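S.K.: Chain order of the listed sequences is A and B. According to numbering that gives the first Met the number 0, the first sequence is numbered sequentially starting from 0. According to numbering that gives the first Met the number 0, the second sequence is numbered sequentially starting from 0.
FYI, nobody ran anything at the bench for these hints, they're computed from the structure. Some clues are possibly wrong.
Stated by the list, open to error - Pairwise CB distance ranges, derived in the manner of DEER restraints: (1) A:Ala291 to B:Asp245: 32 to 42 angstroms; (2) B:Glu354 to A:Gly271: 33 to 43 angstroms; (3) B:Pro54 to A:Gly222: 47 to 57 angstroms; (4) B:Glu354 to A:Asp133: 42 to 52 angstroms; (5) A:Asp133 to B:Val16: 53 to 63 angstroms; (6) A:Ala99 to B:Pro350: 33 to 43 angstroms; (7) A:Gly202 to B:Gly222: 16 to 26 angstroms; (8) A:Thr169 to B:Glu354: 19 to 29 angstroms; (9) A:Ser17 to B:Glu354: 35 to 45 angstroms; (10) A:Ala99 to B:Thr2: 49 to 59 angstroms; (11) A:Gly222 to B:Val163: 19 to 29 angstroms; (12) A:Ala364 to B:Ile177: 52 to 62 angstroms.
As the list claims (entries may be wrong) - In silico contact screen, one side only, chain A against chain B (beta carbon under 7 angstroms); selected entries: (13) His238; (14) Leu250; (15) Ser253; (16) Asn316; (17) Arg355.
If you're wondering where the values come from, they're calculated on a predicted model, not measured in any experiment. Cβ atoms here follow ideal geometry from the backbone N, Cα and C, with glycine treated the same way.
Given next are the chains, with one letter for each unit.
There are 2 protein chains.
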Amino acid sequence: MRTKRTSLGTLLHHVHVSGPLSRAALAERMGVNRSTILALTAELAAAGLVREEQPTGTTGAGRPSLVVRPESERFWVLAFDVAVDRLVAARVGLGGPILARIETDRPRAGVDLDLVVGRLAALGRELVDAAPPDSTCAGVGASYCGMIRPGDGMVRYGPELGWVDQAFGTELAKALDIGHPVAVGNEAHLGALAEHQRGAGTGVADLIYLHGDVGVGGGILVGGRLLGGDSGYGCEVGHMLVNPFDGRPCLCGSRGCLEAETGEYALLDAAGRGDGPVGAAAVRAVVTDALAGDPAASRAVAEVGDWLGIGVANLINLFNPGAVIFGGMLRDVYRAAAPQVAARIAQHAMPVSRERADLRLSAFADDTTLIGAAELGFAGLLADPSGDRGPL
Amino acid sequence: MRTKRTSLGTLLHHVHVSGPLSRAALAERMGVNRSTILALTAELAAAGLVREEQPTGTTGAGRPSLVVRPESERFWVLAFDVAVDRLVAARVGLGGPILARIETDRPRAGVDLDLVVGRLAALGRELVDAAPPDSTCAGVGASYCGMIRPGDGMVRYGPELGWVDQAFGTELAKALDIGHPVAVGNEAHLGALAEHQRGAGTGVADLIYLHGDVGVGGGILVGGRLLGGDSGYGCEVGHMLVNPFDGRPCLCGSRGCLEAETGEYALLDAAGRGDGPVGAAAVRAVVTDALAGDPAASRAVAEVGDWLGIGVANLINLFNPGAVIFGGMLRDVYRAAAPQVAARIAQHAMPVSRERADLRLSAFADDTTLIGAAELGFAGLLADPSGDRGPL
């Protein structure tokens, strides 16, 4: 029974991650025969999780093999993203498509747990109410810009919102009240998993995902697994001390942390725009101006890029990664600061450590962490489609 | 057959790591019944790998349960350690005791592959010739202060000896000519494994071992496994840039690396002893003088300890370790520089990241990397006592 559950989950996982696959392809990937695939597919189809259909775009003689496609409209999760400047909620279908998405600005002050939970719950209910009546919510995942206790979604530390030990996951589940727990993860951890599963890091078992927001977060895969450390709080890349002498103050109370030197405020200050608008649009404006040759913007990008390059070189020495992926605001910054980053890597990363480290941009623009949250929401269904959360 | 081989290896591994164990303890650890233990033990005893005997120091009524003890005198490995200031060769018995050990100074200049291999092979043959005639060499392991290619023991980069892409493992096996390949590992990687297996890090799945020599190396376990990275070159802690402004030159060609700021030469220079003797004894003299209140030595230790603390704080943020273990020369330095390290951790490591990070001294004084090399030598026998390398 356990074996069959596992096989159902494995098949569903394949079509969830890869999209429509022929029975032959599934048989090959799973190392089982086609009659087993037929039986598993029939069971998943009866539960409404997949359907079989003619492949599109096939040519040639003979009857084309049917493909198995996830029922993205019928099974979906709620995904939430609590970033510093915005709250996002989405319905994400099995297979990964974002079916509906709502984004609101997050007020920069007075953001206690009740306020954030209340707003997210309202967004979530709006999405649930608008979902097709014959569709099913399979889970809920949330991404948060802070250090999250594994298991219960407690925010142990989220300096951007001033949170310490706030029961975010538990409270959001209570406020949503749709019969699902809320699985919570650190935004950059989830970003790394999303890039590895279906983004710029597929097939790379040792990768580093760097996420820029007001802070800078890291998600690091070692041998295909997220580096959790002793208690789940690994990957705090943003608080690596890079500037020990006259570093900028950091929200954590220290100075000279990587995020203090490369985050949003560092870039805007360096560009002489510290008193102007903040947020992703302001960051992009600096990058755009730098790429167009504006001297102050170019200097700002070069300065931030230099610190970023030190951080990346250190990470390459420590992790010997196959890929380093820039996401969130750092995706924009890297587009303009690639020369500085490359120079620091050449100067400080061991040649042997860097020889296979490929630098890449996130595949998902602003939605990496949201997609990671959705994957968290799908985890229960994919682990066991016949379990409590599944329809079988 | 495979299951039985695995069980034989598992039992042998238990007594190798833990020393004499009763049949009852083995049955509990392996989750099998006592008659299985009896059969496995009989087979290993017939091959001469273990013997059963009365436990020492037992009291009380009833017949005491026999204990299973590894035959340390009969099965041993050759272990080599190529450090910057010395070459060490040892015979290490099953169960871990160092049965014989030869150490020589390493000439500081002109150390090409042939010279080092020739000297090590001579030391190794001396040990083999002096071994009891009815004893067996089960393998050969070597620790090297550089970046080692997994599989063939190629030294990709060893700046202290000026080596790039030198076929160390292959050549040493050829020169030894005793029918065993030579398994080679980076010294700090092996130190981490040794501490985890039988030293200061037993039971800690996420640990950081820092090894000081002329350079500074790191061995990091993530979830109980050595962090190899994409190609086996992870953990280059010593080349983390900590001083980006006026850092000391590093052997790697960069400046301000952790090892440039905390290695042997940094300490001796800071103590005003840069023109005097070098090596472990010179380092210990500075530490001893600092602990006795000598002002110049105290300042030197404080300065080096401050940089070391920055490095450790960064590693705690990145890895959320359960333990950080100081070995080699850093074991001495940390004894005197603990206040500086603690201060930097308090200042820069996230409270959540550091709450379970325990700072410890290596359990093996100068032999951590040698013991790690021996474990590498035993790996084949322990994986399969009935295989090519085993007597069964």
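S.K.: Against which earlier hints does the structure fall short, listed by number upward?
M.R.: The structure conflicts with hints 3 and 14, although it agrees with all the remaining ones.
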